[in-house]
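Peer 1: Chains H, P and C, in that order, are what the protein sequence lines are. For what it's worth, the numbering used here labels the leading residue of the first sequence as 1, then goes sequentially. For what it's worth, the numbering used here labels the leading residue of the second sequence as 1, then goes sequentially. For what it's worth, the numbering used here labels the leading residue of the third sequence as 1, then goes sequentially.
The hints are simulated quantities; they were obtained by calculation from the structure and are not laboratory data. Possibly wrong hints are sitting among the right ones.
[What the hints assert, rightly or not] Label pairs and their computed distance ranges (CB to CB):
id	chain 1	residue 1	chain 2	residue 2	range
1	C	Q152	H	R202	46 to 54 angstroms
2	C	Q66	P	R345	46 to 54 angstroms
3	P	Q311	C	L121	48 to 56 angstroms
4	H	L93	C	L121	53 to 61 angstroms
5	P	W198	C	T20	52 to 60 angstroms
6	H	F248	C	P163	49 to 57 angstroms
7	P	A51	H	I179	48 to 56 angstroms
8	C	Q152	P	N304	50 to 58 angstroms
9	C	L122	H	M293	40 to 48 angstroms
Cβ atoms here follow ideal geometry from the backbone N, Cα and C, with glycine treated the same way.
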Amino acid sequence: MQTLLFALEVSLNGFMTGILYSLVALGFVLIFKASGVFNYAQGVMVLFAALTLVGLQQGIVPFEHLINNLFGTSIHGFGWNMPTLLALLLTLLTMLLLAWLVEKLILKHLVNQNPVILFMATIGLAYFLEGFGDLMWGADVKKLDIGVPMGISDTVESTTYDWFGYGFFIDRLDITASIVAALLVIGLTIFSQYSKTGRALRAVADDHQAALSVGISLRQIWVIVWSIAGLVALIAGIFWGSKSGVQFSLSLVALKALPVLMLGGLTSIPGAIVGGLLIGVGEKLFDFLVGPMIGGATENWFAYVVALVFLLFRPQGLFGEKIIERV
Amino acid sequence: MFYREVGEFKTSYPQDSESFAIGLDKYGYYFILIIAFGIIPFLVNDYWANAVFVPFLVWAVASLGLNILTGHCGQISLGTGGFMAVGAYSCYKLMTSFPDLNIIFCIIISGVITAAVGILFGIPSLRIKGFYLAVATLASQFFLVWLFNRVPWFYNYSASGQISTPERSVFGVLVTGPNVQPWAQYLICLLFAFGLAWGARNLTRGSLGRSWMATRDMDIAAEIIGVNLLKAKLSAFAISSFYIGIAGALFFSVYLGAVEATEAFGINQSFLVLFMIIIGGLGSILGSFIGAAFMVLFPVLLKNILVGWWQWDAAIATHLEFISVGILIIVFLIFEPHGLAQLWRLLKQKLRLWPYPH
Amino acid sequence: MNETEVTDKVDTLMDIKKVTLRFGGVKALSDVSFNIKESEIRAIIGPNGAGKSSMLNVINGFYTPQEGEIWFQGKRRPKLKPHQIAYQRIARTFQNIALFEGMTVLDNMMTGRMIYMKSGLLPQLLWWGKAEREETENRMIVERIIDFLEIQHIRKTPVGMLPYGLQKRVELGRALAAEPKLLLLDEPMAGMNNEEKEDMCRFILDVNEELGTSIALIEHDMGVVMDLADRVVVIDHGEKIADGLPDQVRNDQNVIDAYLGVAH
Numbered sequence: 001m002q003t004l005l006f007a008l009e010v011s012l013n014g015f016m017t018g019i020l021y022s023l024v025a026l027g028f029v030l031i032f033k034a035s036g037v038f039n040y041a042q043g044v045m046v047l048f049a050a051l052t053l054v055g056l057q058q059g060i061v062p063f064e065h066l067i068n069n070l071f072g073t074s075i076h077g078f079g080w081n082m083p084t085l086l087a088l089l090l091t092l093l094t095m096l097l098l099a100w101l102v103e104k105l106i107l108k109h110l111v112n113q114n115p116v117i118l119f120m121a122t123i124g125l126a127y128f129l130e131g132f133g134d135l136m137w138g139a140d141v142k143k144l145d146i147g148v149p150m151g152i153s154d155t156v157e158s159t160t161y162d163w164f165g166y167g168f169f170i171d172r173l174d175i176t177a178s179i180v181a182a183l184l185v186i187g188l189t190i191f192s193q194y195s196k197t198g199r200a201l202r203a204v205a206d207d208h209q210a211a212l213s214v215g216i217s218l219r220q221i222w223v224i225v226w227s228i229a230g231l232v233a234l235i236a237g238i239f240w241g242s243k244s245g246v247q248f249s250l251s252l253v254a255l256k257a258l259p260v261l262m263l264g265g266l267t268s269i270p271g272a273i274v275g276g277l278l279i280g281v282g283e284k285l286f287d288f289l290v291g292p293m294i295g296g297a298t299e300n301w302f303a304y305v306v307a308l309v310f311l312l313f314r315p316q317g318l319f320g321e322k323i324i325e326r327v
Numbered sequence: 001m002f003y004r005e006v007g008e009f010k011t012s013y014p015q016d017s018e019s020f021a022i023g024l025d026k027y028g029y030y031f032i033l034i035i036a037f038g039i040i041p042f043l044v045n046d047y048w049a050n051a052v053f054v055p056f057l058v059w060a061v062a063s064l065g066l067n068i069l070t071g072h073c074g075q076i077s078l079g080t081g082g083f084m085a086v087g088a089y090s091c092y093k094l095m096t097s098f099p100d101l102n103i104i105f106c107i108i109i110s111g112v113i114t115a116a117v118g119i120l121f122g123i124p125s126l127r128i129k130g131f132y133l134a135v136a137t138l139a140s141q142f143f144l145v146w147l148f149n150r151v152p153w154f155y156n157y158s159a160s161g162q163i164s165t166p167e168r169s170v171f172g173v174l175v176t177g178p179n180v181q182p183w184a185q186y187l188i189c190l191l192f193a194f195g196l197a198w199g200a201r202n203l204t205r206g207s208l209g210r211s212w213m214a215t216r217d218m219d220i221a222a223e224i225i226g227v228n229l230l231k232a233k234l235s236a237f238a239i240s241s242f243y244i245g246i247a248g249a250l251f252f253s254v255y256l257g258a259v260e261a262t263e264a265f266g267i268n269q270s271f272l273v274l275f276m277i278i279i280g281g282l283g284s285i286l287g288s289f290i291g292a293a294f295m296v297l298f299p300v301l302l303k304n305i306l307v308g309w310w311q312w313d314a315a316i317a318t319h320l321e322f323i324s325v326g327i328l329i330i331v332f333l334i335f336e337p338h339g340l341a342q343l344w345r346l347l348k349q350k351l352r353l354w355p356y357p358h
Numbered sequence: 001m002n003e004t005e006v007t008d009k010v011d012t013l014m015d016i017k018k019v020t021l022r023f024g025g026v027k028a029l030s031d032v033s034f035n036i037k038e039s040e041i042r043a044i045i046g047p048n049g050a051g052k053s054s055m056l057n058v059i060n061g062f063y064t065p066q067e068g069e070i071w072f073q074g075k076r077r078p079k080l081k082p083h084q085i086a087y088q089r090i091a092r093t094f095q096n097i098a099l100f101e102g103m104t105v106l107d108n109m110m111t112g113r114m115i116y117m118k119s120g121l122l123p124q125l126l127w128w129g130k131a132e133r134e135e136t137e138n139r140m141i142v143e144r145i146i147d148f149l150e151i152q153h154i155r156k157t158p159v160g161m162l163p164y165g166l167q168k169r170v171e172l173g174r175a176l177a178a179e180p181k182l183l184l185l186d187e188p189m190a191g192m193n194n195e196e197k198e199d200m201c202r203f204i205l206d207v208n209e210e211l212g213t214s215i216a217l218i219e220h221d222m223g224v225v226m227d228l229a230d231r232v233v234v235i236d237h238g239e240k241i242a243d244g245l246p247d248q249v250r251n252d253q254n255v256i257d258a259y260l261g262v263a264h
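Sequences and hints are given; from them, build the entire structure.
Peer 2: Written out as structure tokens, the structure is:
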């Protein structure tokens with residue numbers, strides 16, 4: 001009984017992580033549907049957004065390290081803390097600017113290229129962003145606190161204790177994160193299904209040429225989806241950054257949205273959501289049940305191996321359409 | 001003017017399919033070999049061996065391997081780091097379990113073991129393509145590194161979790177361990193790099209190589225022509241992993257001497273090798289070498305200038321390295337997807353017609 | 001050439017019996033039967049989307065029909081993978097050129113001889129003995145085809161850089177390199193000008209007459225079909241609607257209806 005309850009607690013935690021996976025995966029799906037780009041940089045975008053937010057908030061002078069080295073100065077921050085809301089707004093603007101620049105400097109020049117080339121270009125982008133973020137804000141591990149409630153929720157603990165005689169340890173940060181992420185997931189789904197832009201987006205996903213011929217601007221759509229991906233990255237960056245500090249490993253956590261995506265089927269929005277939840281719960285449960293026997297830290301690879309094995313039997317993913325090959 | 005095939009007459013098909021069809025190329029190739037085997041070993045010191053030549057050769061072997069898989073057969077892999085780890089840990093286990101086995105055989109057997117692991121992780125390529133496969137190969141990257149990190153048998157239960165190489169020699173010359181001479185390190189890597197490059201050249205111009213390229217260019221047509229896709233893809237995975245495993249074994253035993261899985265074989269190493277073949281040239285043997293040289297020399301150069309001359313922080317040099325490499329990759333993909341090797345070919349083509357280009 | 005004579009004196013090379021092919025609920029072919037005889041040129045015609053290419057895909061094993069049998073050289077063919085069927089010496093060209101664009105003309109055609117390459121990994125790795133011999137022998141056969149198709153000058157050009165008409169010719173060359181018993185041509189003359197078409201017709205006739213290769217050919221240009229084909233089979237909406245000598249087919253009411261459109 002105790003074990004079962006414990007497993008339930010673990011699953012619940014996994015479920016909440018899963019919602020964040022779903023959110024990041026959704027960012028991937030939108031970009032993939034609209035531009036056929038498999039955006040490897042999504043993970044680093046999460047890191048970059050979190051870094052920018054922390055940097056602005058703590059009043060770090062951008063490139064201060066570089067400036068100090070260049071001019072022999074010794075600048076260490078502006079000496080003030082930026083209001084959180086303003087920092088959030090500026091970070092969002094930075095992510096939008098990034099989206100615009102990506103379209104302008106990279107995608108525009110790679111139209112009609114082999115998707116694999118585009119994929120490799122996003123790996124280049126990931127590398128660039130990693131170096132750029134560190135150069136701009138410094139590579140040390142940063143603590144992110146924008147006032148999201150943290151710590152174990154007493155309400156949940158006491159309520160569950162009353163019910164089961166066993167108190168669940170659930171972090172308030174996770175609760176907030178999953179609520180925000182769930183709202184955003186719903187919002188994005190509605191946006192892509194019912195808004196005018198969403199319709200244009202789906203048209204582009206179906207057939208680039210046809211969409212162009214009815215007057216949809218491909219490049220505008222690309223900027224929009226990359227902006228959405230930036231927003232998603234920011235949200236994920238806030239929650240994951242608050243939880244475990246802003247550092248490189250953040251991008252690896254966010255990268256797990258990739259296997260999530262493959263599990264769900266690259267082009268399927270419900271697939272991204274269900275896949276995220278499955279992986280979230282699955283990896284926590286696996287690490288809880290099997291982990292101790294084989295050395296632990298299985299979360300590093302669980303998602304990838306599940307995706308790999310699953311694709312062997314169903315290459316199109318859970319919700320993807322079967323591909324009929326033609327000659 | 002000087003660089004052309006005029007006056008060289010091919011009288012048989014074997015002559016026509018030689019690797020270096022133009023005389024000057026052939027002499028250039030011999031010239032490089034003489035320098036590499038006959039001169040550098042006498043001049044090389046510890047700094048040049050460990051900062052430039054040995055890493056260059058080791059990475060060149062890894063690039064050759066990945067280029068077979070990605071450049072020739074068209075299957076992207078982001079698992080190179082993981083496969084190098086397989087090579088390194090196999091080599092370590094072989095060296096410690098069979099102290100009498102010659103190190104050369106240890107390294108080659110490590111390659112064979114890695115090939116077997118490569119086949120295992122290559123099986124999904126039969127059903128999935130493109131970036132699906134790329135993500136699937138991430139599974140091998142994360143899983144393998146985790147395995148070597150968490151299962152103590154692989155590192156002989158050492159307290160630090162590191163593996164370090166015992167001393168081994170070839171023909172009485174020490175090639176691994178802390179007391180190894182730079183020229184010995186260099187020569188053993190050179191021998192492997194040369195032999196493997198020659199093998200890669202032979203494989204890629206024969207029928208197996210054609211079956212890989214056909215799979216890359218148009219898999220359906222290849223199958224209808226009689227290419228067994230299963231065999232083509234798995235053989236590419238196997239041979240590529242063999243090369244990468246040897247690179248991993250050399251990386252550990254000859255170059256670094258002691259490694260820890262997460263640090264030495266992380267995902268960034270996978271990217272490093274991928275970048276080498278993009279910058280050097282996909283599907284080109286020469287490109288593997290150029291790319292490896294570039295990616296090894298560039299950080300050294302950057303560090304020497306920024307840290308050595310201008311006294312900047314080493315961290316900044318690293319960040320700038322990431323930024324420039326990222327930009328370079330994108331620039332190459334946009335302007336010259338076939339890399340530096342293609343630029344070299346174009347230059348030669350121009351030179352062949354110079355000074356009368358029409 | 002007298003068509004009846006050709007069709008009478010030779011045996012059946014391939015017999016297609018009641019083949020039905022479905023994609024989910026869609027029937028691409030239903031109950032199609034016809035045969036191809038030794039050394040004949042057999043045209044498959046029909047309106048767009050009638051199922052002609054699907055038929056070729058069934059013949060070379062790319063699609064597996066749900067029902068029906070295929071008999072080849074007097075034996076019923078079991079379910080085989082496309083690359084196994086290549087070993088029975090069935091070669092083809094594609095409607096949208098499917099050459100290996102990153103490879104040279106020579107390499108493309110050498111790949112066409114894949115089924116004759118037998119040397120193992122080690123000789124190939126060392127470029128030694130059998131591997132090198134095999135390479136030279138096959139190169140000689142490929143060079144004969146290069147001469148025949150008059151493409152010596154582009155031997156070492158990557159095919160991606162060639163104009164359309166030449167690419168079509170190289171693709172024919174790649175199929176011929178397999179020395180096929182049965183050659184499947186999917187619209188070999190689509191998008192060509194008259195001169196190129198004439199060249200292509202000449203190549204097809206030469207192959208058929210000199211080597212005795214059976215040819216199954218999809219073509220939209222009726223003039224070409226009437227000139228080349230010994231017999232014609234007409235497919236519409238996945239069903240066979242006519243089968244016979246070119247003249248018979250031309251005057252068949254069903255065929256006229258299918259092409260000109262008639263209320264169904």
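Peer 1: Would you mind marking each hint as holding or not holding in the structure?
Peer 2: A quick look at each hint next to the structure:
At about 51 angstroms, the CB distance of Q152 of chain C to R202 of chain H agrees with the hint of 46 to 54 angstroms. Between Q66 of chain C and R345 of chain P the CB atoms are about 50 angstroms apart, so this pair conforms to the stated range of 46 to 54 angstroms. The beta-carbon spacing between Q311 of chain P and L121 of chain C, approximately 54 angstroms, falls within the hinted interval of 48 to 56 angstroms. A C-beta distance of roughly 58 angstroms is found between L93 of chain H and L121 of chain C, which places it inside the suggested range of 53 to 61 angstroms.
Between W198 of chain P and T20 of chain C the Cβ separation comes to about 53 angstroms, which falls inside the hinted range of 52 to 60 angstroms. Taken as a hint, the range 49 to 57 angstroms holds for the pair F248 of chain H and P163 of chain C, whose Cβ atoms sit roughly 51 angstroms apart. Our hint of 48 to 56 angstroms for A51 of chain P and I179 of chain H holds, since their Cβ atoms are close to 53 angstroms apart. Here the CB-CB span from Q152 of chain C to N304 of chain P is close to 53 angstroms, well matched to the stated 50 to 58 angstroms.
Roughly 43 angstroms separates the CB atoms of L122 of chain C and M293 of chain H, a value that falls within the hinted 40 to 48 angstroms.
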